[in-house]
Amino acid sequence: MVSHGGLLMLLATLTAALFAASLAVGYAPLDLGAATGDAFRGEETVQALVFVELRLPRAILGLLVGFTLGLAGAVMQGFLRNPLAEPGVVGVSGGAAFGAVLVFYSGLAALSPLILPAGGILAALLVGALLFAVAGRGMSTTTLILAGVAINSLAGALISLTLNLAPNPYAAMEIMFWLMGSLADRSFSHVWVALGPMVVGWVMLLSTARALDALSLGEATARTLGFDLRRVRAMVVGGVALSVGAATAVAGVIGFVGLIVPHLVRPLVGHRPGRLLIASGLSGASLTLAADVAVRLIPTRPELQLGVVTAIIGAPFLFSLVWRYRRVER
Amino acid sequence: MTRRAPTRAAIYGVTVLAALATGAGAPRTASAEPPSRVVSLNLCADELLLRLARPEQIASVTFLSRDPKQSTVADLARDHPVNYGRAEDVLRFDPDLVVAGRYTTRTTVDFLRRNGETLLELDAPATLPQVEEQIRRLGEALGEPDRAQALADEIAAAFAEGDPIDDVARPTAVVFAPNGFTVGAGSLVDTIINAAGLRNLGAEQDLGSYRHLPLERLLALAPDVLILAATESAPARAYEVLHHPILSRLPSQPVIVRLSPRLWTCAGPEIARALSILRGAAAEARERET
Amino acid sequence: MRIEGTGLTVRIGATSILSGVDVAAEPGELVGLIGPNGAGKSTLLSVLARLRTPQAGTLAYDGAPAARMDGRALARRLAMLAQSGGVEWPLTVDRVVAIGRLPHAGRFAASDPEHDREAIQRAMHAANVEALAGRTVDTLSGGERTRVLLARALAVEAEMLLADEPIAALDPYHQIEVMELLAAVVRRGGGVVVVLHDLSLAARFCDRLVLLDRGRVVADATPEQVLTEDRIAAVYGVSVELGSRDGARFVVPWTRLRKADGEG
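Residue numbers (the numbering used here), protein chains in the order written: chain A, 27 to 356; chain B, 7 to 296; chain C, 1275 to 1538.
Everything labelled a hint here was simulated from the structure, so no lab data went into it.
Computed from a predicted model, the values in this text were never measured in an experiment.
Using N, Cα and C, we set each Cβ at its ideal position, and we do this for glycine too.
Errors might be hidden in some of the hints.
If you want a taste of the chain C side facing chain A, the calculated C-beta under 7 Å gives, among others [stated by the list, open to error]:
1) L1325
2) P1328
3) W1363
Quick look at which bits of chain C chain A covers, simulated, 3 or more residues with Cβ under 8 Å [stated by the list, open to error]:
4) 1348-1354
5) 1369-1375
The whole structure should be built from the sequences, with the hints applied where relevant.
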């Protein structure tokens, strides 16, 4: 049996390998060696430019967004003690997308590059607060999923409404980006604008590790073990809002990553919610990078939305979870 | 039974006679008089209509013609009622001629055709002769053949100007439109680019039927002229790729032209303006070469 | 740590759960909280563990107001074995018990891993679950799981242990086993407050019984003094057969004296 440190090393290596693969895949042949060499020497050849301005920000964003989704999924599942919890399923991602859409198409986002992620973050915060208000203290699976369905439906409808009301004729067709996500043609400006909130969000989420371990024994026991659940909830809602809000604002909704990855990794960490966090983040990064590579290899033009690939893997996976759950609940 | 049959026959006969008398159900033949209530269902048709017809002939143009970002006849359109391309809109004006595009407002056009309206459908011209022919055809339908010919001549003259450039010296060009689409061969844009003395690289690449050009391939093409074809009104993600930082750092340092697509979307005098802009870019590109 | 509640009153809406309850517990004694369903036993235990704030009355830890104690400090001195003893994930037994050491953890890592390991070993030994160390909790029987959760509570090495109906779903063997474990905790110097339904086990193992009825303390004394036929009839509405064996009293409920709750 691999030690935890060993597992993290393995996952980090996998992530690094897929990061390299993401750099190596694109729409024009690129000699990675020559490109990196040129870039280091400061020579602005076409190779160096494609590498630095197109491939690198795309790969970095894939890494950051994927880590965010894996981490947020693990934290939500640990905190809600519910294996179906995930920012997409419960409506946080959908809400964040609506916040970003509102801010973008109204022209507010043009005032400052930070406004776009801010829109996503605020909306995600509202959804988080709403979820806890609606679902109350004991969140059964049914309540959680229903709340998520309601929020996702509303978010989708509002996004559609906003896009149709937008004065630009392209807007209506852009719904596919927002609801299915994409990392195409991203630049470093997207990376800088999302990096700050994401990292702060990660810190908040990682701080809940021990509380999640305590929560395996129930809320009462966790409280008697000295954990202030109000503070933990604030860290969870705030951390998810910051990281997932910013990620969704620059990449759209990429579903199912936060659902699949914790499940696959949980047995490898002995089902301990605290240890799952970083492992899940790295696995989320790996999955997202792999999907982004696939999207560039599949010969559709323009390229497929990222969420299509994650949904094709994720929806059957979700269904298998429901199937398994059904047998348990009998 | 036998007694009712003649009654039924009589009813049929009277109905048919009445229909023939009122002319209902029969297509209205174009009268010798020029049309006096023309409705246009298409932006390109609007632009030609507003230039060729007498103002009193025009019953309605589309709402798009009033948008200065999309239309080249925004001021002319202001004096006329607008329609939204729907059948009810059209019938409201009781037109004697409806001008529509071949590929838009299909359901409305089908309805009108069944209703017996006089229709003129405009195709999307791809070559200069096709442009001239379309202008002439509309002019005739409107009863303004001379005006139409004058307009066609004006455009042809603009295209005939300038020395013919041999293939060897042609600078390369790529059109980059919102969402990263480019323009292929066999379109009006391609014709204009060629007439300007440029080589349209978008026509030479294997880009699939949608003509989507990924940024990486744009860089690899290293064009001498980069034509950014967009008019940015309200925000849209479609424009983001046109603002990617990499476009301002292209190693081939192309001449960058920003051109509003409304100049070359439709057959009309504005294509001559697009042509002159591109000619200027071509000249600049040739200068940089030397 | 001495836990002392005075005049504790808890209301939910218009319903009174606890009214003016005075109760105390400290290391060295095994206190049993008994009473009919709905008497407020679990609520009282929650209040003593500072999981619930009373509408009136005071709670003191070692003489100082309970609210003033830092949460983590309290967690090191008071451990609770909650009623709904579920474990969400299929964790191994040793990991479940290790959770009991969380109140002692430092900022980023365990502050004394050696002591933690020893405490976990001791707790598992005391609860008799050493042999189960590598098993996952979802494969355990009810009795085994209760002992594992008890080991978790013991791993905290707190002065006071509060347990809410720990033996309710167990067979007689395991019921006696758990009560013996709790008695051992007291012998080692801890204090235990346990909510019980079984009057015989309460009589046999507890040093003191607090009898609650409809939110009020009806009796607070030794089992012999509290468990009389008249008092049991008045509070529980049943007639009982009392006896003793090996110096301990046993109580066997016999017939119902009231037709329905609330009468008599």
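Now for the hints, and whether the structure bears them out:
no.: 1; hint: L1325; result: holds (6 Å)
no.: 2; hint: P1328; result: violated (16 Å)
no.: 3; hint: W1363; result: holds (4 Å)
no.: 4; hint: 1348-1354; result: holds (count 6)
no.: 5; hint: 1369-1375; result: holds (count 4)
Hint compliance for this structure: hint 2 alone is broken.
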